[in-house]
Amino acid sequence: MTASAPSAPLITVNGLEVAFHAGASSVRAVRDVSFAIGKSEVVALVGESGSGKSTTGLALLGLHPPAKATVNGAIGVRCKDGSDLDVVGAPERRLRRLRGNDIAMIFQEPMSSLNPVHRIGDQIVEALRVHQSMPRSNAWTRALRLLTELGVPSPEKCLVSYPHQLSGGMRQRVMIAMALSSEPALLIADEPTTALDVTVQAQIVDLLRALQQRTHMAMLFVSHDLGLVSQVASRVLVMYAGEIVEEGPLPDVFLRPRMPYTRALMRSRAELGATRRRIEPIPGNVPNLARLPRGCAFHPRCPHSVPGLCDVKPPPLERAGDRWSVRCHRWREVEATET
Amino acid sequence: MKKLFLPPQGLVGCAIVLFVVVAVAGARMLAPFDPTQSSISFLSPPDATYWLGTDELGRDTFSRLLYGGRSSLVVGVGASVIALLIGLPIGLAAGYVGGRVDLVGRQVIDLFVALPGLVLALIIAAVMGPTLLNLTLVLGLVNWPRVARLARGQALAIRESVFVEAAHAAGAGTGWIIYAHIWPNVQRIIAAQFALTVAYSIFTSASLSFLGLGVPPPTPDWGAMVRTGFDYLSINPAMSLAPSAAVALTVFGFYLVGRNME
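Heads up: the sequence lines are chains A and B, in that order. The first sequence maps to residues 2 to 340 in this note's numbering. The second sequence maps to residues 13 to 274 in this note's numbering.
If we strip away everything but chain A, and leave its shape as in the complex, we get (with noise of 0.2 Å):
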């Protein structure tokens, strides 16, 4: 598992902070996310719902409306035609340009992500011809060759289809043919297996994992399920309370996880084979967010918690080896004790 080392990353995010306004309060959904993705690494964001793992996604995008959001930090984009942008404060006009051509994305839902009136060939025409000036009939060729790789049987039958006439993982695989439409550099997943079922989650995965070798694409893989991430990414960012709270190479982490939070979502998955371990669910709920805990923002749920140290003093992110940091006061030990 040595994953090329990111000379000079595709996309380092810095101190990045997304504060959601709600009236006249606002709540902080990720605070002081900092992380750099190599080009063909694939790095996976994990995290259970509302850590701010998906919100994290958009925002390498500039999906966050102004009205509805305030982004701070840095996240310095190398692009395709070799600029360099900040994807914070940039104009609307070139996050347009970058969308799509740099930096792809998928969605959890691939049924909602089809427009219900427009033909599937339809559908990635416009996707190729919104960065990329071809004529039509070019397009619907190169939608046609898209999907013959990406093993959709009968595709001429599929470009003239509509969105309900095909299954949740045919209609993935039309997402992601145009999503690699524009060939980008950067593909974020989110939560691309989620809707679908488990045999086609693995076909999903598999076919993410050879394009991204055939392509040699950088990807962020976003999931809730760190044994499914261990199987295509190379280095994995473990998100709790809109916080990194544990970065490091997998499957080392996945094998022996350092940071308690991270060691409660291992033990709290169904694993095929571990018939004496019982799948123990982390107690207790994720945190509000606009009403976080004073301290670690998982200290209420962990049973490493000791108090006056970790429900007083936020621990930082610390370097815990090689490539390996882990936001906890105890970890060192933690990590002696049986995992």
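Just so you know, not all the hints are guaranteed correct.
Here are a few chain B residues that sit away from chain A, every Cβ distance over 12 Å (derived from the structure) [stated by the list, open to error]:
#: 1; residue: A35
#: 2; residue: F45
#: 3; residue: R82
#: 4; residue: G110
#: 5; residue: A126
#: 6; residue: L145
Partial list, derived from the structure: chain A residues whose beta carbon lies under 7 Å from chain B [as the list claims (entries may be wrong)]:
#: 7; residue: R97
#: 8; residue: M106
#: 9; residue: F108
#: 10; residue: V118
#: 11; residue: R120
#: 12; residue: H225
#: 13; residue: E319
By construction, these hints were calculated from the structure, which means they are not laboratory data. Ideal Cβ positions, reconstructed from N, Cα and C, are used throughout, including at glycine.
Add chain B to chain A, keeping to what the hints say.
Quick look at chain B alone, frame taken from chain A:
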């Protein structure tokens, strides 16, 4: 594009509308008499020659009925087209763009909705003078807020759908998203509203004519015919009832089409 599927009641509505349109458009061939030509038999009851009798100037009511539909249909459709041309862009922009555009758009729409349509039309028609063109403009002006409000609501709902977010994430601009994603999804409901607006405009134009603010005589017009016949209701009821029935039938037809399209 999708087929225009309609339930049975809608098809009945279509048949009624088609029937009225053919009868009115073919008035020249179908009418047995010149609608403005007087004869010596005044206020005669319906018989074999004058199917619906004659009016106080001896003109054939049936012929006048056929010709009288022209202004109603022209005003109805024309006013709806104008309402659509004004209301649709404002509604879609307000709903999709949101923020300040929506705030302003909503206030203007609400202002116009709050004005009583018939009274407004009455005042404007009285001030500008009763001509076919003015009537059409007035009714278009009265009807656009409904179209705008509907389009705004639809755009607001569709804006939140994932395919719009996906299009946004793929680099599509506002204009393109409205054209390719919002508009096709509001088409049908706007078409339904169009039919309802035609029904409403025909009804209102007949009301205005009844009040003497319609097409000036001697051009036959349903609303004016009802008004004139009103004075002779006890002598020759068909003179007033026939155009009333024509208005009712036409409005009902367009209403059925619109309601069943939604």
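Each hint tested on the structure:
Residue-level check passed: A35(B) sits 36 Å from the nearest beta carbon of chain A, beyond 12 Å. Here F45(B) stays apart from chain A, with its beta-carbon at least about 50 Å from theirs, past the 12 Å limit. The non-interface label for R82(B) is consistent with chain A: the shortest C-beta to C-beta separation is roughly 36 Å, beyond 12 Å. Annotated as non-interface, G110(B) brings its C-beta within 12 Å of a C-beta of chain A; the closest such distance is 7 Å.
Separation of A126(B) from chain A is adequate, the least Cβ-Cβ distance of about 27 Å exceeding the 12 Å criterion. Once the 12 Å rule is applied to beta carbons, L145(B) is consistent with being away from chain A; the minimum gap is 36 Å. At its closest, the beta carbon of R97(A) sits 5 Å from a beta carbon of chain B; the interface hint therefore holds under the 7 Å criterion. At its closest, the beta carbon of M106(A) sits 4 Å from a beta carbon of chain B; the interface hint therefore holds under the 7 Å criterion.
A hinted interface residue such as F108(A) counts as satisfied when its beta carbon comes closer than 7 Å to some beta carbon of chain B; here the least separation is about 6 Å, so the hint holds. Annotation: interface hint on V118(A) holds; nearest CB of chain B at approximately 4 Å, less than 7 Å. At a threshold of 7 Å, the smallest CB-CB gap from R120(A) to chain B is about 10 Å, leaving the interface hint violated. Because the smallest distance between the Cβ of H225(A) and any Cβ of chain B comes to about 18 Å, over 7 Å, the interface hint for this residue is violated.
The criterion of a C-beta within 7 Å of any C-beta in chain B is not met by E319(A), whose closest approach is roughly 35 Å, and the hint is violated.
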